[in-house]
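Each of the two chains sits in its own frame; use the hints to bring them together as a complex.
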Amino acid sequence: MASASSPATSAAGTVDETRSAGRSHWAIGFARLRRNTGAVAGACVVLCFVLASALAPWITDDDPVQVQFEQRFAAPSWRHPLGTDSFGRDLLSRVLYGGGLSLSVGLIAIAISDVIGIPLGLVSGYRGGRFDNVVMRIVDLWLAFPGLLLAIAIVAILGPGLQNVMIAIGIGGVPGLVRLVRGQVLSVRALEFVDAARVTGGGDAHIIRTHVFPNVLAPIVVLTTLRLAGAILSGVGLSFLGLGAQPPAPEWGAIVAEGRSYLREAWWVSTLPGVAIFLTVMGFNLLGDGLRDAFDPRLR
Amino acid sequence: MVYVARRLLHLVPVLLGISFLVFLLVHLVPGDPVRIMLQDVGSPEQVARVREQLGLDRPIYVQYVTFVVRAAQGDFGRSIHTRRPVAQEIRYRMPFTIRMAVAATLVAVALGIVLGAIAAMHHQSALDYGTMVIALAGVSLPSFWFGLVLILIFSLHLRWLPPTGADSALHLILPAITLGSGAAAIIARLTRSSMLEVLRQDYVRTARAKGVPERRMVYRHALKNAMIPVISIVGLQFASLLGGAVIVETVFGWPGIGRLAVDAIFNRDIPVIQAVVLVAAIIFVLVNLLVDLLYGWLDPRIRYT
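Which chain is which? The protein sequence lines are A and B, in order.
My numbering numbers the first residue of the first sequence as 1 and each following residue consecutively.
My numbering numbers the first residue of the second sequence as 1 and each following residue consecutively.
Everything hinted at is true.
Restraint ranges, calculated between C-beta atoms of paired labels, are given here:
#1 44(A) to 157(B): 29 to 35 Å
#2 10(B) to 51(A): 46 to 52 Å
#3 2(B) to 27(A): 49 to 55 Å
#4 190(A) to 224(B): 34 to 40 Å
#5 51(A) to 83(B): 51 to 57 Å
#6 84(B) to 51(A): 49 to 55 Å
#7 191(A) to 92(B): 55 to 61 Å
#8 84(B) to 44(A): 52 to 58 Å
Calculated directly from the structure, the hints in this document are not laboratory data.
Ideal Cβ placement from N, Cα and C applies to all residues, glycine included.
Next up, chain B with everything else stripped away, as it sits in the complex (with noise of 0.2 Å):
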């Protein structure tokens, strides 16, 4: 409990520091933000109304105070695109963008699982040195080119699956397949050294020795124990997914906030962009610690390091 206690009090001071960098976004913009974001086309009042909407009139620190306590209370003030409220639009697409990492997250862990495990059962085999070059490969798949291959394939000319869209389940699985790809491989290479690693330990040799027969010990003995430290990759990996949906998102037309982030790049819409980054470097800090928390769960040691 002490343990659950004092990483969420070090969670202050790093969610106080994402905010800060977060709202810094606006002013690190080179030259006059309000002119940037009316894209040069304004009229004066025009200009002035943005930046008073925006609170850029007033003091920076009353600006970044009011930026924290809205943000805490979940407003992001209005898209200077649409007009409309950051955080409904943020309510409307962060479901999609959630649903396609953990789709993305269950293909990665399958495949980067079984390719590791048998990587590793049949280390310095063909077989091991297939495996692991088929998860390079993974690592260096470029997702937009490979997601664009999936719909030439699957949609265009053997039309098993929709090539855009996200209307149903069947919509999900060339883009989790895609946004999986990079991350099942990472997990296949963890999940492969740890299992050597594994493999080498005492026990392993003891069950061994008296007559476990392989298989089982695999899957009893070898394996749940290799999965402590591929839990911890699996969580940044969910992680880093939500930075690599935008990509994805726009392969696929997937209505996340990746897409959202991009078209308000695009607008120059500062509001948009803040949400978007903040909700996501927040989910990213969250699910690290809910794996911090579950790993010293699953190994008492670390807790006490």
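So here's chain A without its partners, still in its complex pose (with noise of 0.2 Å):
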């Protein structure tokens, strides 16, 4: 993601030290957070994107794939606030009911690189040696593939579809994971305490998992909501190009991809869902960067 700091978190490294003296570094940095205006409206607007979605069939009566020819491209009106598309089905419901499938082929996706992501980087940079060697010339060649373009051969090997594009994704984000992790853990492996717990006669996994992991989670936590944005974005993607979601599905890609054939007689079609993935991956960003200017300003 961006790799230079917000304006709009500024404020972030005010908290008075002598003042948040005994209390610990996540309390400090949800201080900080709160504090930070463009973090709270992106978090706001995540929040309003996950529960429209969540509360879709309390908020609107209209059925997202139900087709209704009587009403095919009615512009937008109190009646259907988004309009309709070429098949007649209100926008405002398959933009509510399409949240939930285009936030969760995010969700899943990022899950998906964790799961693999963060084991290998973390035992990767505490072991080192032999296998850190092998793991990093792995990801070197990973990350020589074009972002887009490595999920786009996994589809093809795949196929298309929306479970597809969620594993296509999550492998695509690992490698710059684990290299993130493992940088991390290098530079908790070298602190006292890790020394201490190995004299202690504390296993490697026991050390791994309640003195290195701890250590390392804050970033982990900070790059996972910008890989969010980046993973929502991509998902949509694909399935604009047709590779994930398949018709009907009320899929954000795919009601855009599919007004765009109507764009002269129907701006609405293609216009007004894309304003939802907009305003959900800015939410995102916005919070992704004030997490990091509150929890780990190094990562700017």
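Structure below.
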């Protein structure tokens, strides 16, 4: 993700250290986060979309997939705030239900890369030596494929479909994560408390679990939020290409793609649902930037 | 020279690794790759012919060596779908993608550096905050949606620019803006932080104390030195634009290799996908190497670390 600091977060470092004495790293971080207007705005936007998607059946009575030709291409109105598409389906209902799909693609993809990448990065950084060498060479090779193209190649192997898109984006995110976690572990491994744990007879698995992992958690959380934004964008992008959600599933990228052919007659079909994608991704980016400034300014 | 030679030598295992992964693509397909490529409609004779054509009936190490030797000669086999040589298709399509990626990089660099410099010069002002919000919006834009919005406004409504096609320079404007906007945002953020860093340096303070006008100092001293880290990100962005081009080419009906890859996926045309991924990865690696070398030339400290 972006590597510079956000100006909206300039107050991040001003928490009075004497006042915060005795508080945990997490408590100080959350205090900083609350003072960051951009991050709070981002969190609110994300929360709104998550709630709206979860409560879709209670917010709208319209079926997101039911074809109703008599109300085809209805312009935005009180009855249909975002209008209807070429099949007469209410777009607000499709966007609300689609949010669940698009957000879960991002979440599951990130979960897949976390499950593979975090343990690999932890062990690789902690053990070092030949294992680390082999893992890092594979990671370097993996990173030689430009982001989205790797996901496309994986979808090409597995075939189009939402589940395969999640796997493709998840696997595509592994090398970057391994590199980050490993780097963090290398700096923690050299600290005295890890030595102390080793001297007192702690096994490798125990030390990684109780001493190393908690100390590299903050940068992982920060990066996960920023990666979520990227994963959602990749997911909707692949669905837009027709490689992800298949009709009539109300996925955000697929909705925008469906409206493409009718841009002249019904501009709202593609453009208004796209705003939902943009706002959600912007929300995650604002929140991620805020988390980074609050918890790990070194990542800037 | 030694540095350049060492870097070039490092390239060999990377290229071999890339070629191996791309080669594996066909073997990672769950089930029989030939049946999947023929979408389960081929007769046994057809299946056997395609298997032989792809060399899948030979031992795997023979297949890999043949693949590498042929690829090194620019031979990627024939498309399962069109039966035409894949290399011919790539040679025709590649210049379109390169043209779009170069134009997008120009847009990204011009926009990114100007926005980043403005933000740094007006640090912690409304202008700084506004510029950085625009930059954040830039990285949050889904390119396919942004492209459609641009088509709606500039092609369908104002009728200033053509919506699709690749016949003239005018056709390049909207795709370049669409593809370049995300990279512009990243470059703007890096330019800003890099310039803020440089503006805090002693020599800038000295220049300021000597009475060098602010504007001249920014352009003559700060911007020049702040550009060093920016160059590395420009190279990376150019390379990753090749991946992003897949979506933008689809939106604007641009006949590049991205569009070729997407069509190949629907046709399960594995040789075409292999060739596109291989060529894109090699370009990606070469551009990164070029950037590293340029970086070492601009900042000699890097060569010795």
